[in-house]
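> For reference, the chains in residue letters:
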Amino acid sequence: MKKLLLTMMALSLTIAAQGQTETIDTAQFVAVYDYECRTQDDEDVPVTDRMQVVVQVGRTVTKSMSSSSYRQMGEKSIVDLQAEHQEAILHMPTVWTSWPEGQTTVREVIFPHEFEGSEAIPDIEWMLLGDTVTVNGYLCQQATTTFRGVEWCVCYTEDVPSSAGPWRLRGLPGLIVKAESEAHTFTLVELKQERLPITYERKPDVQQMAYAKQLKHRNKTYGHKQYAKNPIYYIPDLQGSITHMEVYNNDNQPFVFANGYPLPTKAHVYKPLELE
Amino acid sequence: MQRLLYILLYMLLAATASAQVRVTGRVMALSPSSGGVGGGLKPVSDVIVKLVSGTKTLAFTSTNVKGEYTLELKSVPSEAVTLQFNHIGYEKESENLTMKEKVMKLDRVLTAKSISLKEVTVKANPLWQKGDTLSHRLASFLGKGDVTLEDGLKRLPGVDVAKSGAISYMGKPISQFNIEGLDLLGGKYNLATRNIPADYVTNVEIVRNHHSRKVEKDLPSDEVSMNIKLAKKAKFKPFGQEEAGAGYMEDGNERLQALLGVTGMMFTDKFQTICSLKGGNYKDFAKADMYDHFSGSNVSTPATSLFGGFDGGAPPQGEYLYQRNGMATLNGICKLDSATTVKVNADYSYHRTTHDISQSSTYLSGDGNYVTVSEQTSPLSKVHLPKLTMNYLKNADRVYLSETFVVKGKFEQNEGDVVANGTEIGQRRKTSSFEVDNDVFWMDKTEKGTRRHVSASVSFKRTPTLRLSFVNDSQSYGQTAQSSTLTMNVSSSFNIPIGKTFRLSLPVRVNAMYDDLETNRVTTGETNDVRGWSFTPTLNPGFEIHSRNRRFYLNAGLGAALKGLYYNKLSFTKPVLNPSMGINYTFSANSKLSFNTSYSTSIGDMMTLLTESMQVDYHTVRTSSGIIGESNTWSTSGDWKWQLPMQYFTLSLGASHSEGKRNTLYSQSVSGIDISTSALQRDTHSRSTSFKVSTTKNFPSLFSKLGADGSYNFGNGEQAVNGAVIKTHSNGYSLHGNAAVTPIPWLELRYDIRYGWSRSRYADSKNTVTSLTHSGAVHVFPVATLDLSLDYDHVRRQIATNQYKNMSLFNASAQYKLKKCILRLELTNLLNQRNYTYTVFDGINTYSYDYALCGRTVLLRATFKL
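If you read the sequences in order, they're chains C and X.
Under the numbering used here, the residue at position 173 of the first sequence is numbered 317, and the numbers go up by one with no gaps.
Under the numbering used here, the residue at position 66 of the second sequence is numbered 874, and the numbers go up by one with no gaps.
For the record, the hints were derived by calculation from the structure and aren't laboratory data.
Where hints are given, some of them may not hold.
[To be verified] One side of the interface only, derived from the structure: several residues of chain X facing chain C at Cβ under 10 Å:
id : residue
1  : VAL852
2  : SER853
3  : VAL857
4  : PHE868
5  : THR869
6  : ASN872
7  : VAL873
8  : HIS895
9  : LYS900
10 : TRP936
11 : ARG1356
12 : ASN1357
13 : ARG1358
14 : THR1394
[To be verified] Here are the simulated BS3-like cross-link-like pairs (lysine-lysine), alpha carbons at most 27 Å apart as the crow flies:
id : chain 1 : residue 1 : chain 2 : residue 2
15 : C       : LYS336    : X       : LYS1040
16 : C       : LYS369    : X       : LYS1256
17 : X       : LYS1025   : C       : LYS410
18 : C       : LYS373    : X       : LYS1022
19 : X       : LYS1308   : C       : LYS415
20 : X       : LYS1628   : X       : LYS952
21 : X       : LYS1037   : X       : LYS962
22 : X       : LYS1143   : C       : LYS410
Every residue gets a Cβ at the ideal spot worked out from N, C-alpha and C, and that includes glycine.
Just chain X, same shape as in the assembly (with noise of 0.2 Å):
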């Protein structure tokens, strides 16, 4: 049986070789030292020989060194096959056959050839990730238009730059600005965004999870950073750019515009240095590259709190500033070692601003009749700002030390004359305020993990003297003012590792500062004259509980404080925990969910004392309550990062919700048309909730970049107008879409939509204001140095119920880029629209605002490189 069986597995075997088809052969190829006549062949290995039949490949080898090779079919073929013999160096050869015999023996003779190569050079990849770190070729992003490095950053994935020039990336602002690892400027990057030219930045590098301290480098992150890394051209020597522009107003307050500047910069591998001296009247020349996006240079005092500029507002779109502004900064990093930098920035700014406006406010009384208080004005104001900033930073592994000094002014002056319902009001402001702040933070971290740390910061600010003048129908009242605080900052934590994945922390910090303010109401002699401590020991024990792969992190701490209040004859103690609880899940680089809860308590200040009336504008009386306010709030906030870098997409969604519980009650009382507000000692609640989705694509060889993103809120609080509770309700939506394409390599068009919608409500009543703006650009480029643009800004707003305002901007310019030198003509408000009108609801009040635009305008500037 056994050998029945052998016998047919054999025939089968035999069979089924029988049907294999095999072809042999060897290439050979004339030898160049035979001349090429008869006889010199040789041998010709890695040909590639294949037997085709139409597309489809059958079979296919290469030849061994021997030039030999053996093909085989599993079956013969029923169509028409063709055997090819392929090389770079030689010419193709092709043989038709007919699989008659089942072993076929075929050689060939090649012909050498020159090779002709289509030679290729992939551009390198315009995205790199490496860990946290996406790495972006700019040049691979830039359009043909784009000049300085924010023309550039605008087009990268997942990167919004906002019209004050603040960056964020998938919705969470930059916390540093670095350029070549060092951060010279802090936060007045623009400084560098808007004068480094764009083609001297090679690559731009968005750090996720970064850590401005490096001892805690293992612990998540949240913050988001950029570094520049620049051209060789910007390296070693230094470079420039020098503007100037001149240009005519139509119509308006400033009708000659001018503008004029210069920039130096060097960038070496242990110094750099950006200075600028900048001076002019068009638009926000010499104000736009001082944004401090950080801190600010602004000296923000209780007087100034208080007693406030007569600031108009702005409106969403539209020129509508008369400006002039002024601008010196000296600003140098010294890196001392691979870890310790020396800083110096020194700057002093001016700005003159004035514009025009009428605004129409209608305030709920308590007999729920409206009153109705119709105002123009032209406020002017004149503010000079110096600011001088040291830092010292080691920034090691193992060790972190922070010395930073800062010393800077606020002197400001602001006429804010209004005609109210008819009637000429004179008012006045004169101020001048500084400050000097010392800050020290050293941090350290053991073999073990162990981490240490101690800060202590003082910062003392002045309001010398705040005087308030008003003029109505030739009587004078007025208000002033003075103020001085001590805040001391005292720190020191110890985080201990105990075993590979709990930690645990002891953070105390004790806040003390000192207040002195007097305020003096001059026609009727009340005064406030509060001084006194405010006192804050708290205690913050927690801990952190981490995976082995540190995918999931949580932390939560107990957050125990003493607040303490001790002014005048005032004397508040209170205890309060206020716990918080964050978890973070990162599932990769590219995608990472957080969450985070937590309880706090703000216990009032010592403005809740001031028990005196005081005339804060002309047809305004501030009276604090003199209760201590309490207010809690709980806030919970989630959100989900994903990204897929390499396909240029990016996705976050978030949601947050807060409840909050106050023991005063805001109030409003109205009489004529003098607005007075307090405090009402009264529980009041208060919840919101919102929910927003984020999402950016790119298509690089597109050059084109789409985004979209949307939010929802809604929302309870409680006022009171005139002793009367009132429960308001809002809610709302927005939508935001905008693209930047460039269908063919001369035209690219941009365009932005965005969409509003908010409702608030009140007892019977309901306001709802819908808004939508759009706005586009077309440019197009007849050579690639030349840029022609015309853009437009079109809103309809709601200015009443059934009412709306449609109104469109546009402007022009035209760009040519020499080598040396760009030359820029730009037209703005060629239509010459001269109002902006739009409505606010506030809870219970109306406010409707008609600003006056600046007039068109043309405007001719050369920026040259220096």
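Chain C extracted, bound-state conformation (with noise of 0.2 Å):
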């Protein structure tokens, strides 16, 4: 039964992406980063969560995403589905870097809709401390910033020469190994020379816009109070926004994907990573 719920999980995902992948670099490395975002619950209640996030650093382009995406390129198991849908509750987006050239591409879905911003890539003003540290092995150098209205403090590593970053963040001279914000830590946990494409899906659906308007939506949408409590409260009419609609269950926790994308059920305050 499993099996075939997977089966129709797949071809429905297949019908509903009508996308074209193409390889847009190879990646160099990936670098697996541990994220944390410290927020509340719906009655206050101090809670962590945590993701993976994976990036791919290409010669030219790096792409970071959720572990749950990175692993969609092979099968996908029910425990798969399960952790991509419990990763929806970060919104962590899929960001590529110098794609198309001199551009950030910020693809995320805010259910029901998948939306894709570009930008050029923004300049991150580093202010480099002379302060080192050991963080997971790496000699460490540190650096502090403010982007888009929230303040980092991150270490990065010289030994490994590449610019890249988690999510956004990049432009030193080192891979950076851990990135903090009063709500947000990426922790650097794994890395390994997996050469595999860097790929972007080129999809009908998604709708294109300036990713400051995209930037303006998401916090508007997710930084309502009712969002902790309702998390589809800016949905009125929830019936009539699905197509199509797969319900699972491992272990006696269902979970639900609408149109293909994880259908929030609970949510937790957001915390934004860009302010502006």
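Build the complex from these two chains, which are given one at a time in their own frames, with help from the hints.
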């Protein structure tokens, strides 16, 4: 029964996507980060949400995505689908840096739609600090910045000569090993030479827009005070907006995909990675 | 004037600009298609271009898609600088620069290289926190010699596992033990912790502020529970272990030692079972697994409580019991849906224990003199404990329904022949008891948050016959007793939210108990026959206030009750008020302050109506006063718990104080070697205060755990000896520290030290006792699978004024782990230490004990994974 459901899911995802995947670069290495978001639940009780972020670093393009999106390249089990559903609570977008040339592309699902915004690669003005620390076995140097209203303190290592980092953080003279803000932490946990293609999927249904507009829409939607109590408060006609739906049950924990996207059933207070 | 200012400003800017240095250029690489032969150059983006002076980075940038870069410096560096080109896919290049020009152009061609990346995999976090749940990745904490889940639990931060197997977190005993979310074993969780291999468990979750009923999850809770997550290899297929061992005790009552056991288990999403059959005479094998940390398999009735067995107590160190234990247990739980389970636990155990003890008791008699009684005895007890429990549970967000049926029995025989001051006296006791309980609990929660509950429990306990017989100089005397008790409890409550921060609660409870107790002192013919009802309706209207973020919580109740005793011709009714109040403040998931205060009234039971004398043991006759005792106690306690889970640090502080008043006074009369006790009608007061602190800190990278705790207490009370009232005072403190350290991978050290000091005083007499206990263990791992260990216990105890006794016990073991089998050779009591002596001051009496310890023992045991 599970196999049948998975096959159906794979089919429906394929149909829903109807996209065309193109290879835009080849990963020179892959960095895996643990991501933590310190927030509160709907009753204001402090909670820490976690997921993993995978960064493929190519010669030109860097792609940062959730670990379930990275696994999507292979076969997906029900456990992977459940993980993907749980990750949706953290709103981690897929970010292509230097794709298209000189641009950053950010793609994310704000149920029931998928959005994609582009802008010129932002210059992040880092202040290098003289301090050195050892993080996960790497000799690192520290740097700080304020990026889009959020203050970050990061450690980077010149042992890995790449200006890449998790999510949109980049532009240092070495790979970012740890990045911390008041509510968010990225920590490098794995570095591997996995030379898989870096892909970009063209989807006709994705709503394209300027990134500034997408950011405004995201912060307005998730930043609403109702969001933590009712994560789909902004969809007045939920039934009407769903074209197809799959319900899974793993270990008696049901979860739902609608229109091929995780349908959020619970949420925590939104902690934006960018404010402005 | 303005123009002049503009000119000056322009000149200043120009001067500043002229101080800036700009380095530009383009980075290219040989295109693979060109085959490395001239001309085929392509731009390289994302090359890190750095201008450094020594180890200091003066400026950096990265190339764009055209391979172009621009570096700017605000001033010309005085020292020599180097321009570095760095890219993961190309050889590193650098160029020493002399910054003579303000604008420099430097192009560079890089050579491709095969990427040689230092691949790293950082181990998954050993500890995760999600709200109140701390999830420990067990493998990160395990030591090389660890075999069972219990071995692993001992290493977790804040977790303490007692010798009995009882688990506590930050000093609080766990109230539920789940395996994959299901409570299969109740309080018998030793069956799991001592039989599931540590490598079959992936995560150990500690749930703070645990709620056993989901409908109450919005209420504050002080409970802690533990949930075990199993590895894939432990799921969906049966597994287990078989144990066999044989050994020899050099000196002692049982020379040949043996153990044999088999345990099977299976865990699926919907069904779990653990079944075990064990037997042996080696230490507490086959007994330890059956320890129930929550309720117990014991059956206690008024008759068995009055006339207990001839137990000689236990020394705090060393093996002293000669035991023969056997047990069989079947446990199964079936998950009907996501919230409903059906569970059956069936147990049978048999325990035969004996040991040798010499005891000297010094009692204060009425004329100020002391009477000393010396006794030597070897109490033997044989106990059969069958038990069957069935439970249906629905534990959903809105409704909770639990139905539990228990039937259990206790069949025991005791022999306690004693030599008292040179005279041999025979003691025999035989009794059997059984108990049947049924308990129903229903609670629901409406959409508006109103909670209602109804519960009813019925319990029937009976001891048909209890027979005590004594023989002294061929003179026989004895005692018989029988008792039946029927207990019924019915309760109901409403808990109604008013607004968002206030709740009213109205619990009502009725407790009714029928007792029938008969005692007959055979020699004198004195008989007690008490039967009747105890009836207590309770109404406890109260309220709860919490802040909107639920950090602050206050609850209070009135506790109005009517206590009624209706036995024989006695009719006693008294209304009482027992108010209580609790305050909790949660600073964060890791820091919590709680304060509780309550006033309680305890009214005596039918035991106080046993006015005819009863022979409790060969030299003790007990008579109750016939006065309905009443004690009122006011208790206050405060606790602060703080932890930094990610730093593996826990700290808890606690203080408590209680003051009590009774309308009766415990009185002791000594005549010859006979001691009789009774109660006098006189108000007595008692007071006690205690403070405690405990802390633990783990260093996972060093596989080390440190812990320390301490406590201090003082108090006073009153006693009467031969009619004279004596005020007693006591105070004491204890300090405890422990460490488990792995300084190098093949060596593990454990150390535990405990120091205790206590003083009791009355009139002009003072007694002080100190004790120092320290134990240590050294584990050496010549290879990862071989664990050689030596452990010791050293005790220094005061046995009389200015007289101390030192004793050391040494044990050794060798353990070899194979894929499917673990072989273990144990050597116990290497120095063949045969005695343990210590003294206890109990207010006005002094008791000195000398226990015979089991002799040197060697045992080889094999545990096979099935």
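> Could you tell me which of the numbered hints above are not met by this structure, giving the numbers in increasing order?
none
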